[in-house]
Every structure is written in structure tokens, then in C-alpha cells.
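Asks: Chain residues, written in single-letter form:
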Amino acid sequence: MMKVKAINVTDIAPRRIMGGTMLWHPVRRTLGIRSFGTNAYTALNTGDRVVEEHSEGAARHEEVYLVLRGRAEFQLGDDTAEVGAGGLVFISDPDLRRGAVATEANTTVLAFGGPVGTPYEPLVWEHDFAAQESYDAGDFEAAYEIASEGLEEHGESARLHYNLACYAARGRHQELALHHLEQALKLDADLVRTWSADDHDLDSVRERAGL
Amino acid sequence: MLRIDDVAPIQAIAEPFQIRLLRRELGVQAFGINAYTAPAAGDRVIEEHDELGGGAAGHEELYLVVSGKATFIVDGAKAELGAGGLVHVPDPASRRSATAAEPNTTVLVVGGTPGEVNRPGGWEANVLANPPYLAGDYDEAIRIASEGLEENADNAGLLYNLACFQALAGRGDEAVELLRRAYEVLPAAREWATDDSDLDSIRDRRDFPA
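Protein chains in written order, with numbering that gives the first Met the number 0: chain A, 0 to 210; chain B, 0 to 209.
Hints listed in this document are in silico derivations from the structure and should not be mistaken for laboratory results. Some hints here could point you the wrong way.
What the hints assert, rightly or not - Per the computed footprint, the stretches of chain A lying under chain B, defined by three or more beta-carbons under 8 Å from a beta-carbon of chain B, are: (1) 33-39; (2) 56-69; (3) 87-98; (4) 103-111; (5) 117-128.
What the hints assert, rightly or not - What the simulated footprint calls covered on chain B by chain A, stretch by stretch (three residues with Cβ under 8 Å from a Cβ of chain A suffice, anywhere in the stretch; the number is not a length): (6) 79-87; (7) 104-116.
Treat the numbers as computed from the prediction; the structure is a model and nothing was measured. All C-beta atoms, glycine included, are put in the ideal place defined by N, C-alpha and C.
With the hints as constraints, model all of the structure from the sequences given.
Replies: Right, dumping it as C-alpha cells:
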């Protein structure tokens, strides 16, 4: 196929996240979707997290989750619900805390998301997730290279510059780390001060960066 | 929270598949999301269409096989996909369709327009009007389609279908006016009328739009 891409969700090169027990299948960025967000997550074992606990407070997305296979218990604020294959969970409130844990091995959940009333834009966190497996393996050069692909689209993201600073610092590229920290501080000093307070990734440049 | 199967299916017209209006049922605003189920192997599960025609939203679309197996044809290229299979069609002009290769194949469709705010279209009103239309309850079909038209006044598909319902209900003047409006929005809608028996009651009128 030329303009069209066809692939199975679980064949989309999974990246290990959440300490290695959860697989992220980057559906949106693999297929090049531009009008809504979509990603898939697979939990390898019963009891493993299949949707990280989070809110959509920053992106302001509403989300639909679809359990494609297996079974998962969703936490939605103070409520819980167990959902099997073919089950949908819709969360319109971006501030509601949500997450899910697999109650069967090899549970796969697809997430679809987008903002209401404004056009969708790809989110910077996809680059963090893409780099995480290399980071966890101690390959900081690869983590930097993968995440830096996001600079073209998210060059004004303090979060991206901060994480690039971490990867560069751990990879012993102090000047590069300081450059990204400087950019991050210009963009969102509060974020950098908060995140860096107990972040050992930045220990090698902390003093020079004035943190 | 609900299962796809929990949503009441709506029979398509002139196609064997059933449609579940998930976006409307869940109240999703940010993107379109609906499910299609073909009862038997060999049945069409996604009608052949592009996203440029009358009533189409101009969306990029993502198809996901939720259960069963389906053969997709997009611009002449073929792919057979089982559960978990994804087909991304970014170009609204691409012709796409899918046929079930197993009974009870369900395909989820998610769509939106890059760079634009999602606006639910009149297409859903067309689907909602299917059951009363098929049951011969044309007044109810007119009520549903008219409601849809309030928010989608320039939807050629909706204008055309409403013209059909009015013609079937014996209200020729209204049908002619709606048909004229449909042609103004989408001149190609004239092709739909050439052999549509729904319009037979007004076809011989002198003011039948050419």
C-alpha cells in the first residue's frame, strides 16, 4: 500500500515502559495520524499496569479506551470497573485521575484522545516514551538521539528540553545538558525547579546550572 | 462504560452491515468513533466510499478490526486483517471498503480532520433515520433528518435523503425544494437521483430539478 498503512496493533514495535512490564505500541506516530491521538498498551502479566495512572490536566484531552483483548480493571477517580474485550471506557473530564491494571495476562488496551473545541496536536510525551526503553537500559546516547527527534515539532517544550538535558547529563555530555537546561529554564523555570529538586540524572551539572 | 455490543445496532440501507453510533452514545466530541458489524462472511462491513462525497466529513480515518477478520481495499490495494488489525487512510480522496472474511466481524472507525476542530456531521442523522425509513414511517424519518439539518444545513446527503422522505410521504413541493438545495451544495448528487425509486412520485413534475 502506498498512502495507506495496514498493520496489526501488536506488530507495532513495542517499547517497554513502566519498568518493563508494560508495552507501548506507538500507533499514532507509526501510522502518521494527525487528527487525534491513539496508542496501544499491553500488560504482559496479570496485575501489571496497562494504563498508567494519570489525568489529562495538561493536554485537556477527552479519552476513549477500548479493551482489545484480555481484561482490565480501570480506576476512574474513586470508582473502579472491570472491562473485558470489546469494552469501552469514555472519560470526558480531563481532570479525572484514571488508570488500569490487567486482570488477565497479555491484555491490550487502545486509547484514543483529543481536545474538545481546539484542533488536535501531537503531544510531546510520545518522545519521552520512545526514549524510555533506552534510558532504562542505560543507553543514554540512544535515549538522547530518539527524544531529540521531537525538537523539530516541539522545540518550545520545556519538558522535552528537560528530558534531553537528563539524557545528555547521564551520557556525560555536560555542555549539551547545560544547553538544554538553559532552554528549559527559559521556557518554564517552575517546571525545571520542581522536577530537578530530587532528580539524580542532573547531579553532574546541578552546580553549574545553578539548580 | 459500555461494551460495543451493548449499543443498539442500526441496519444500514442497501448494505448488510449494522452501524453502532458510538460517538453519539458516549458523547465524544473530539473525534468521530463508530463501529460496523457484518453478520456473515462475504458481507460488506465498510461500504465503498471516499471522504469527499455528499455528507462525508473529509476525515482521515483509522479502521480497527475489533473481532473477526476483514479484507480492506484502499485505492485498489488489498489487505486482510484479523482482530487488532489497523488500516490508516489519511487521504480523504482514497476509495476504501472492507468485506468480512468471518461472521460477526466488527470494525471500529475513528476519524478527524487534521488542524480542525471536530464537528459531528449530519451523517449520524442519516443513519438514525434508517430504521423509520425501512419501516415506512416517513414522518419519523423526516423528523430525525430535519433535526440533523438544523446543525448541518449544507449536508448534501442529508438534504437529499430528506427530499426522498418527503417524496415518499407525498409532500412533493418540499421534496423538490430539498432536492434543489442538495444539488446546489453538491452537483454530483444528481447522479443519486437518476434511478432512485424514492423520488418516483415527483420525477414527472415539471419543476423536478434537472
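Asks: Now tell me, hint by hint, if it's right for this structure.
Replies: These are the hints, each one checked on the structure:
no.	hint	verdict
1	33-39	holds (count 4)
2	56-69	holds (count 6)
3	87-98	holds (count 4)
4	103-111	holds (count 3)
5	117-128	holds (count 3)
6	79-87	holds (count 8)
7	104-116	holds (count 10)
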